[in-house]
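Peer 1: Residue-level listing of the chains:
Number of protein chains: 2
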Amino acid sequence: MTPSDPKLLANIRIVLARTSHPGNIGAAARAMKTMGLSHLTLVDPAVFPNSQADAMASGAADVLENATVCTTLAEALAGTTLALGVSARRRDIVAEVLTPPEAAARLLGEAQAAPVALVFGNETSGLSNEELSLCQGLVTIPANPDYSSLNLAAAVQVLSYELRQAWLGRAAWPQPEIDAASGDEMEKFYVHLETALGELEFLNPGSPGKLMLKLRRLFSRTRLAKEEVNILRGILTAAQEAKAAPRNRNPQ
Amino acid sequence: MTPSDPKLLANIRIVLARTSHPGNIGAAARAMKTMGLSHLTLVDPAVFPNSQADAMASGAADVLENATVCTTLAEALAGTTLALGVSARRRDIVAEVLTPPEAAARLLGEAQAAPVALVFGNETSGLSNEELSLCQGLVTIPANPDYSSLNLAAAVQVLSYELRQAWLGRAAWPQPEIDAASGDEMEKFYVHLETALGELEFLNPGSPGKLMLKLRRLFSRTRLAKEEVNILRGILTAAQEAKAAPRNRNPQ
Numbered sequence: 001m002t003p004s005d006p007k008l009l010a011n012i013r014i015v016l017a018r019t020s021h022p023g024n025i026g027a028a029a030r031a032m033k034t035m036g037l038s039h040l041t042l043v044d045p046a047v048f049p050n051s052q053a054d055a056m057a058s059g060a061a062d063v064l065e066n067a068t069v070c071t072t073l074a075e076a077l078a079g080t081t082l083a084l085g086v087s088a089r090r091r092d093i094v095a096e097v098l099t100p101p102e103a104a105a106r107l108l109g110e111a112q113a114a115p116v117a118l119v120f121g122n123e124t125s126g127l128s129n130e131e132l133s134l135c136q137g138l139v140t141i142p143a144n145p146d147y148s149s150l151n152l153a154a155a156v157q158v159l160s161y162e163l164r165q166a167w168l169g170r171a172a173w174p175q176p177e178i179d180a181a182s183g184d185e186m187e188k189f190y191v192h193l194e195t196a197l198g199e200l201e202f203l204n205p206g207s208p209g210k211l212m213l214k215l216r217r218l219f220s221r222t223r224l225a226k227e228e229v230n231i232l233r234g235i236l237t238a239a240q241e242a243k244a245a246p247r248n249r250n251p252q
Numbered sequence: 253m254t255p256s257d258p259k260l261l262a263n264i265r266i267v268l269a270r271t272s273h274p275g276n277i278g279a280a281a282r283a284m285k286t287m288g289l290s291h292l293t294l295v296d297p298a299v300f301p302n303s304q305a306d307a308m309a310s311g312a313a314d315v316l317e318n319a320t321v322c323t324t325l326a327e328a329l330a331g332t333t334l335a336l337g338v339s340a341r342r343r344d345i346v347a348e349v350l351t352p353p354e355a356a357a358r359l360l361g362e363a364q365a366a367p368v369a370l371v372f373g374n375e376t377s378g379l380s381n382e383e384l385s386l387c388q389g390l391v392t393i394p395a396n397p398d399y400s401s402l403n404l405a406a407a408v409q410v411l412s413y414e415l416r417q418a419w420l421g422r423a424a425w426p427q428p429e430i431d432a433a434s435g436d437e438m439e440k441f442y443v444h445l446e447t448a449l450g451e452l453e454f455l456n457p458g459s460p461g462k463l464m465l466k467l468r469r470l471f472s473r474t475r476l477a478k479e480e481v482n483i484l485r486g487i488l489t490a491a492q493e494a495k496a497a498p499r500n501r502n503p504q
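One line per chain: the protein sequences are A and B, in this order.
Each residue of the first sequence is one higher than the one before, counting from 1 in the numbering used here.
Each residue of the second sequence is one higher than the one before, counting from 253 in the numbering used here.
Heads up, none of these hints are tricks.
Straight-line distance between alpha carbons at most 25 Å, and here's what the computed DMTMM-like set of lysine to aspartate or glutamate pairs gives: (1) Lys-7(A) x Glu-110(A); (2) Lys-188(A) x Glu-227(A); (3) Lys-495(B) x Glu-241(A); (4) Lys-478(B) x Glu-201(A); (5) Lys-243(A) x Glu-453(B).
Since the hints were made in silico from the structure, they are not lab data.
Only chain A is shown next, with the shape it has when bound in the complex (with noise of 0.2 Å):
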């Protein structure tokens, strides 16, 4: 398989373990769709199927319409080669901890081969031992020390937004097309505004000194619209006008 191909995020379970509030499967079902991923698995939820999950999910309905529901971590595991869970920083487990992107790629690079899983635990006691036992690495997500508490949903969306971006290769985002003015049209632009300049004597035309050169540096900053433009040159218009041909406003 390529990179972003459907088939590598198909290979990914997102796996909640003992969720505790009905409403959190739902946010996070939102969060996995949002990033393309669509296989949900819960292992032994409070509370599955339910009305709040469903109103958090929004548009997601249809990942928990297929999510599996099974009693324990083990069976949620089955058939995965690589099994990462998700947990704040603990002393007392000797494991690797990957950040979110190492994560991310790991879990990618396996997934060209069989599916893989990202497990995530009760909201308030996390993995317990047993269910981190199940799992080949620990991912977690740096954190405020003094507020390190993400809610579950948090957690599923940083991750699988991560789990996104390694998919995406993250290849650069293409800005929006603009119908940029053509260098020619900069020039004439340019020209324009140096003559109105200096019919508005605010620049001598025999020196234009540094001043074009710092309006230079302002407009090729950003790319010029072919519209935009043309409005600034009626802009320069209506002031050449001004200048020229005035309208005696107080006649003497």
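Once you have looked at the hints, place chain B on chain A.
Peer 2: Just chain B now, kept in the frame of chain A:
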């Protein structure tokens, strides 16, 4: 300041505009605090303060208590030199679109010198065109094109996470290159521009219509330096003088 200086995060405002659901405000406060952000600004929230906000904030009650409530986005951005709006991709907006890591780098770079803001719109309608016109750039979270609707607090979580990763030194961030005009100086410039264009009869003062919006977009896409604002206002004044007190070059 050096990377990982807490003052950098303290210079970043999270601005939530016209939030409908108080629970989202609380969840956003929690998301912020997990990543070390503390400055929450609310623009015209539907309901605040509120018990549901408190419940969703969990251990981040202090972020809610210290939140600033404003009536307009312009007020919320007072004193900032860079404001980035969070938006899904929009083909109708001509603006620089940044990825979350790019946005984090830009905000932290600028936060070395002055307050900056990350602006989130209403849950349903997002940021209005008027709100976007007050931002100097857009941030888009790369999402599933078939379902890109992140929950508000989830979007706050992802961007706060990226800010923290950048702050922790995971990315090189640029130094602020220019002595940027403040939001207040930019607003004064736009008032001057609108007045001058009215005097030049280039726009109807009663209905500036789309023209002012287009000009705002043009100038907010690039960050103007204080000196550049002074030059542009000098040109406007010269044009106003030409119109108001014309010399009769061709006396009749």
